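Peer 1: Chain by chain, the residues run as shown.
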Amino acid sequence: MTSGREQQVLDRIDRARRRRPRVREERITMSHGAGGKATQTLIEAIFLDAFRNPLLEPLGDSALLQLAGARVALTTDSFVVSPLFFPGGNIGDLAINGTVNDLAVAGATPLYLSAGFILEEGFPVADLTRITASMRDAAAVAGVHIVTGDTKVVERGKADGCYINTAGVGIVTRDQALGVAQARPGDAILVSGPIGDHGVTIMLARGELDIEADLVSDTASLAGLAATLLDAVPGVRALRDATRGGVATILNEIAKAAGMGVVVSEDAIPVREEVRGASELLGIDPMYVACEGRMVAVVDGSQAGDALAALRGHPLGEQAAVIGQVTEGPPGIVQLKTAFGGTRIVDLLVGDPLPRIC
Amino acid sequence: MRFVDEFRDAGKAHALAAKIAALCEPGRQYKLMEVCGGHTHTIYKHGLEDYLPEQVTLVHGPGCPVCVIPMGRVDDAMHLAAQPDVIMTSFGDMMRVPGSTGSFLDANAAGTDIRMVYSPLDSLKIARSNPGKRVVFMAIGFETTAPSTAMTVLRAAAEGLTNFSVFCNHVTIIPAIKAILDSPDLRLDGFIGPGHVSTVIGCRPYEFIASDYGRPVVVAGFEPLDILQSIYMLMLQLSEGRSQVENQYARVVPWDGNVVALKVIGQTMELRPYFEWRGLGFISHSALKMREQFAAFDAELLFGVPGVRVADPKACQCGEVLKGVLKPWECKVFGTACTPETPIGTCMVSPEGACAAYYNYGRMNRQRVPEAAQVSRS
Chain S
1 MTSGREQQVL
11 DRIDRARRRR
21 PRVREERITM
31 SHGAGGKATQ
41 TLIEAIFLDA
51 FRNPLLEPLG
61 DSALLQLAGA
71 RVALTTDSFV
81 VSPLFFPGGN
91 IGDLAINGTV
101 NDLAVAGATP
111 LYLSAGFILE
121 EGFPVADLTR
131 ITASMRDAAA
141 VAGVHIVTGD
151 TKVVERGKAD
161 GCYINTAGVG
171 IVTRDQALGV
181 AQARPGDAIL
191 VSGPIGDHGV
201 TIMLARGELD
211 IEADLVSDTA
221 SLAGLAATLL
231 DAVPGVRALR
241 DATRGGVATI
251 LNEIAKAAGM
261 GVVVSEDAIP
271 VREEVRGASE
281 LLGIDPMYVA
291 CEGRMVAVVD
301 GSQAGDALAA
311 LRGHPLGEQA
321 AVIGQVTEGP
331 PGIVQLKTAF
341 GGTRIVDLLV
351 GDPLPRIC
Chain X
359 MRFVDEFRDA
369 GKAHALAAKI
379 AALCEPGRQY
389 KLMEVCGGHT
399 HTIYKHGLED
409 YLPEQVTLVH
419 GPGCPVCVIP
429 MGRVDDAMHL
439 AAQPDVIMTS
449 FGDMMRVPGS
459 TGSFLDANAA
469 GTDIRMVYSP
479 LDSLKIARSN
489 PGKRVVFMAI
499 GFETTAPSTA
509 MTVLRAAAEG
519 LTNFSVFCNH
529 VTIIPAIKAI
539 LDSPDLRLDG
549 FIGPGHVSTV
559 IGCRPYEFIA
569 SDYGRPVVVA
579 GFEPLDILQS
589 IYMLMLQLSE
599 GRSQVENQYA
609 RVVPWDGNVV
619 ALKVIGQTME
629 LRPYFEWRGL
639 GFISHSALKM
649 REQFAAFDAE
659 LLFGVPGVRV
669 ADPKACQCGE
679 VLKGVLKPWE
689 CKVFGTACTP
699 ETPIGTCMVS
709 PEGACAAYYN
719 YGRMNRQRVP
729 EAAQVSRS
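Residue numbers (the numbering used here), protein chains in the order written: chain S, 1 to 358; chain X, 359 to 736.
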């Protein structure tokens, strides 16, 4: 057990972490875009501070609105991935699937998307055609329509080829109130498939590392998978798609929002050998590596078996697994039972191992 | 995964935990220092302390290359990066290390071009493809990374590259260990020897620790079972009253080191008369600089650096942490003013830093495995 003095230190840290977030840097650094603590601080201290309202405050994947008696989910996402084309997809797939997934994990049926393009002078039209074809195909798979858009062109050197922003709306017809704050002790935590494929694929696709692996991005629409799970299991408390910051970031959000502890088993978390191998070599942790087609589900513990069966019954969830559970405490802390048999904390990511992953 | 999973076998770990516990003499406390930051990282990442009885304490040593870089050298690096047409390259660990006016990330936000590389050789690629730029590699690390810097310089020389240079901050491990052994405020029973450094320098350089200071040394690998086995080997020596240098990491570490690697270091670099270590102060003959024949690749000579010594922030107790006098959480600012996202001291930056490892992975009630808990109660 920890000594009294050590406990005092832990309490002190806890108090320090509850302080109002403040951006200390004078300028934006790459850390602010990495999806970890710096991103969170930026969002809370700058954006939430400026735009604060009850709909924004939950900082969910989508905002949930009441419009003329209908419940509508609204979200937006920007894509700056480098390289634009990578094994398993391109920026176009990502731009559709990213926004579709933000709607799907809010419990909504995704319906309509907008698409805004920022193009650099000199960008090949053939590449743009490939990207838009991928967007069309991804939209068809997800059952959404791109119904409005915008185009801007900037001078050579002022952007990196092509950036895309998409926004989307979906309709919420189910009564389940989803949100990570709903997590309760005894709830099971599931992931829908192997983690980290997208991030490692992008890193290898940059060709800077001279590592080759037979790996493709996991970019996919989660709309069908989320609907399947929600239809099969009434006790789903929350769904999140694990993008920047990876599964570790989602687990921390669950622990913090619910004021509960989270305990996961390293052995139970599905990770492809290629991803593990590359991560070992590069000194990164797959828990923090981005996925673009994986979701984390928090489910009433008594329905964990049903949830697992529902996920595994869907082509995108064949390798789904129960990775851990929600515990009463310690509040806000995610613990990992290591495969080696020890225990460690899984905190929010600080550094920026993989910039511009989506 | 082969060559990894077999060194993380929980069953074997439990067996070792029982053997370690059995060697504990009642009432005796054991303080073992893992010299290398890589070991610190492994210990926390895998929760290895859960396997140790209360009587065995691991003390984190000075072998984190990022942690020992003094603030003045970080400022010097930023001075170099701010020179016209300079692209600086460095290992990822350095990007968030605070200088007196912020980190490399802040410097980049203000206009410098400091890039992360995985190998110094990547700097040559950048130099070749940017002939109009001057590429400066900020070299850090112990004897582990010095050979790759040396090889890079040799290759640059062979290619006749004129737009590449090295800001050399390589340090050597033995003087740091000696400084710790001579430090009056620390009592250690043995050393978990740095495995990666030893792949280059071998095991012989540690013999004085065993013979002159009477402390056992076991050179250890970096998987959790390697470390646990090394702790067992140290405990066995202590229980038998021996102090010897032993090599647990024989699958990688030759007793006499890597002769070729040592040769290229010697060919390109020489000892500095003295060098400042963060927290440890100036230590004579503890760091390397480029030899005169390679002056054309020495960024310190090519550009000049201010070389201003900057005192560590008052609140920072990195020195005590590096020497193992303080546990990370005993530092006054640990986890409050100094966190991985806003580090004051270097120990909070690198994943090999004791404070960062403890903050990110370790600060939790420990539940010892039954084999280790048993002896704690006795």
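The hints are simulated quantities; they were obtained by calculation from the structure and are not laboratory data.
Computed from a predicted model, the values in this text were never measured in an experiment.
Mixed in with the good hints there might be a few duds.
List time: in silico DSBU-like cross-link candidates among lysine-lysine, alpha-carbon distance up to 30 Å [what the hints assert, rightly or not]: (1) Lys403/X <-> Lys256/S; (2) Lys690/X <-> Lys536/X; (3) Lys337/S <-> Lys377/X; (4) Lys536/X <-> Lys621/X; (5) Lys647/X <-> Lys389/X; (6) Lys672/X <-> Lys337/S; (7) Lys491/X <-> Lys158/S; (8) Lys377/X <-> Lys403/X; (9) Lys621/X <-> Lys647/X; (10) Lys483/X <-> Lys647/X; (11) Lys483/X <-> Lys389/X; (12) Lys158/S <-> Lys256/S; (13) Lys337/S <-> Lys370/X; (14) Lys389/X <-> Lys337/S; (15) Lys621/X <-> Lys403/X; (16) Lys690/X <-> Lys647/X; (17) Lys672/X <-> Lys491/X; (18) Lys483/X <-> Lys158/S; (19) Lys672/X <-> Lys389/X; (20) Lys256/S <-> Lys690/X; (21) Lys389/X <-> Lys370/X; (22) Lys389/X <-> Lys403/X; (23) Lys672/X <-> Lys690/X; (24) Lys647/X <-> Lys403/X.
Peer 1: Each hint needs a verdict: does it hold in this structure or not?
Peer 2: Hint check:
{"no.": "1", "hint": "Lys403/X <-> Lys256/S", "in the structure": "holds, 22 Å"}
{"no.": "2", "hint": "Lys690/X <-> Lys536/X", "in the structure": "holds, 27 Å"}
{"no.": "3", "hint": "Lys337/S <-> Lys377/X", "in the structure": "holds, 23 Å"}
{"no.": "4", "hint": "Lys536/X <-> Lys621/X", "in the structure": "holds, 24 Å"}
{"no.": "5", "hint": "Lys647/X <-> Lys389/X", "in the structure": "violated, 34 Å"}
{"no.": "6", "hint": "Lys672/X <-> Lys337/S", "in the structure": "violated, 37 Å"}
{"no.": "7", "hint": "Lys491/X <-> Lys158/S", "in the structure": "holds, 20 Å"}
{"no.": "8", "hint": "Lys377/X <-> Lys403/X", "in the structure": "holds, 22 Å"}
{"no.": "9", "hint": "Lys621/X <-> Lys647/X", "in the structure": "holds, 15 Å"}
{"no.": "10", "hint": "Lys483/X <-> Lys647/X", "in the structure": "holds, 23 Å"}
{"no.": "11", "hint": "Lys483/X <-> Lys389/X", "in the structure": "violated, 46 Å"}
{"no.": "12", "hint": "Lys158/S <-> Lys256/S", "in the structure": "violated, 39 Å"}
{"no.": "13", "hint": "Lys337/S <-> Lys370/X", "in the structure": "holds, 17 Å"}
{"no.": "14", "hint": "Lys389/X <-> Lys337/S", "in the structure": "holds, 26 Å"}
{"no.": "15", "hint": "Lys621/X <-> Lys403/X", "in the structure": "violated, 35 Å"}
{"no.": "16", "hint": "Lys690/X <-> Lys647/X", "in the structure": "violated, 35 Å"}
{"no.": "17", "hint": "Lys672/X <-> Lys491/X", "in the structure": "violated, 38 Å"}
{"no.": "18", "hint": "Lys483/X <-> Lys158/S", "in the structure": "holds, 24 Å"}
{"no.": "19", "hint": "Lys672/X <-> Lys389/X", "in the structure": "holds, 28 Å"}
{"no.": "20", "hint": "Lys256/S <-> Lys690/X", "in the structure": "holds, 26 Å"}
{"no.": "21", "hint": "Lys389/X <-> Lys370/X", "in the structure": "holds, 23 Å"}
{"no.": "22", "hint": "Lys389/X <-> Lys403/X", "in the structure": "holds, 20 Å"}
{"no.": "23", "hint": "Lys672/X <-> Lys690/X", "in the structure": "holds, 10 Å"}
{"no.": "24", "hint": "Lys647/X <-> Lys403/X", "in the structure": "violated, 34 Å"}
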